[in-house]
Amino acid sequence: MLLPAKRNDYAGLKISMWFLILINIPSTVRSLIHVFYHDSGAQSIASMDINVKGGKNAVALLAQWGTAQLIMALTIWIVLWGYREFIPLMIAEILVEQILRLAVGYMKPLVTTHRPPGAIGTFILFPLSAIMLVLSLIRSEK
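For the sequence shown, the residue numbers in our numbering are 147 to 288.
Everything labelled a hint here was simulated from the structure, so no lab data went into it.
Be aware that one or more of the hints could be misleading.
To be verified - Pairwise CB distance ranges, derived in the manner of DEER restraints: (1) Ile-167 with Glu-287: 17 to 23 Å; (2) Gly-264 with Val-198: 17 to 23 Å; (3) Phe-182 with Gly-251: 20 to 26 Å; (4) Arg-261 with Leu-235: 17 to 23 Å; (5) Leu-256 with Glu-287: 41 to 47 Å.
Stated by the list, open to error - Result set (EDC-like, lysine to aspartate or glutamate): computed pairs, CA atoms no more than 20 Å apart in a straight line: (6) Lys-199 with Asp-185; (7) Lys-202 with Asp-185; (8) Lys-254 with Asp-195; (9) Lys-160 with Glu-239; (10) Lys-160 with Glu-287; (11) Lys-152 with Glu-231; (12) Lys-254 with Asp-155; (13) Lys-254 with Glu-243.
Note that beta-carbon positions come from the ideal geometry of N, C-alpha and C, so glycine has one too.
Could you build the full structure based on these sequences and the hints that come with them?
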């Protein structure tokens with residue numbers, strides 16, 4: 147069996163579940179843009195200059211990254227649909243992703259004409275996902 151029997155017995159605070167839903171909507175859209183949009187959003191959204199030697203490689207890498215994002219987004223939708231006991235794990239994944247994005251962004255900063263939405267979002271999602279992870283582990287009174 148690929149997935150265990152549905153239990154859907156999430157006991158944490160509901161705000162964490164709603165946080166996961168609200169975060170996963172733009173995450174799903176972002177992954178689809180990276181995979182299917184002509185420039186993967188590199189120039190049109192993130193203001194990266196792709197009209198340089200190797201620019202098409204950056205677009206291709208973003209598209210490949212988009213597939214990993216899409217897999218994670220679909221996994222979160224599956225958890226929300228029938229495996230809510232894994233909500234804390236999904237929020238922990240979001241938190242770890244933000245920490246790694248900050249670290250990699252520091253080591254290898256992007257050169258753009260303006261700060262991409264994802265860079266701004268990381269500074270917001272980092273503390274917010276940490277708070278939501280804690281709240282997801284608090285048992286709610288039913």
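Comparing the hints with the structure gives:
The supplied range of 17 to 23 Å is met by Ile-167 and Glu-287, whose beta-carbon atoms lie about 22 Å from each other. Separation of Gly-264 from Val-198 is about 21 Å and conforms to the stated range, judged on CB atoms against 17 to 23 Å. For Phe-182 and Gly-251, the Cβ-Cβ distance of about 25 Å falls inside the hinted range of 20 to 26 Å, so the restraint holds. Here the CB-CB span from Arg-261 to Leu-235 is close to 30 Å, at odds with the stated 17 to 23 Å.
Under the hint 41 to 47 Å, the C-beta atoms of Leu-256 and Glu-287, about 45 Å apart, fit the expected range. Of the pairs offered as hints, the one joining Lys-199 and Asp-185 holds, with about 15 Å between alpha carbons and a cut-off of 20 Å not exceeded. A threshold of 20 Å between alpha carbons decides the hint, and for Lys-202 with Asp-185 the separation of about 8 Å falls inside it, so the pair holds. Annotation: proposed proximity of Lys-254 to Asp-195 holds, straight-line Cα distance about 16 Å (limit 20 Å).
The suggested pairing of Lys-160 with Glu-239 holds, with an alpha-carbon distance near 18 Å, which does not exceed 20 Å. Pair hint Lys-160 plus Glu-287 holds up; C-alpha atoms about 11 Å apart against a cutoff of 20 Å. For a cut-off of 20 Å, the pair hint linking Lys-152 to Glu-231 stands: about 10 Å separates their Cα positions. Using a Cα cut-off of 20 Å, the hinted pair Lys-254 and Asp-155 is violated, with the two alpha carbons roughly 41 Å apart.
With a CA separation close to 16 Å, the supplied pair Lys-254 and Glu-243 stays within the 20 Å bound.
The structure fails to meet hints 4 and 12 from the earlier list, while all remaining hints are met.
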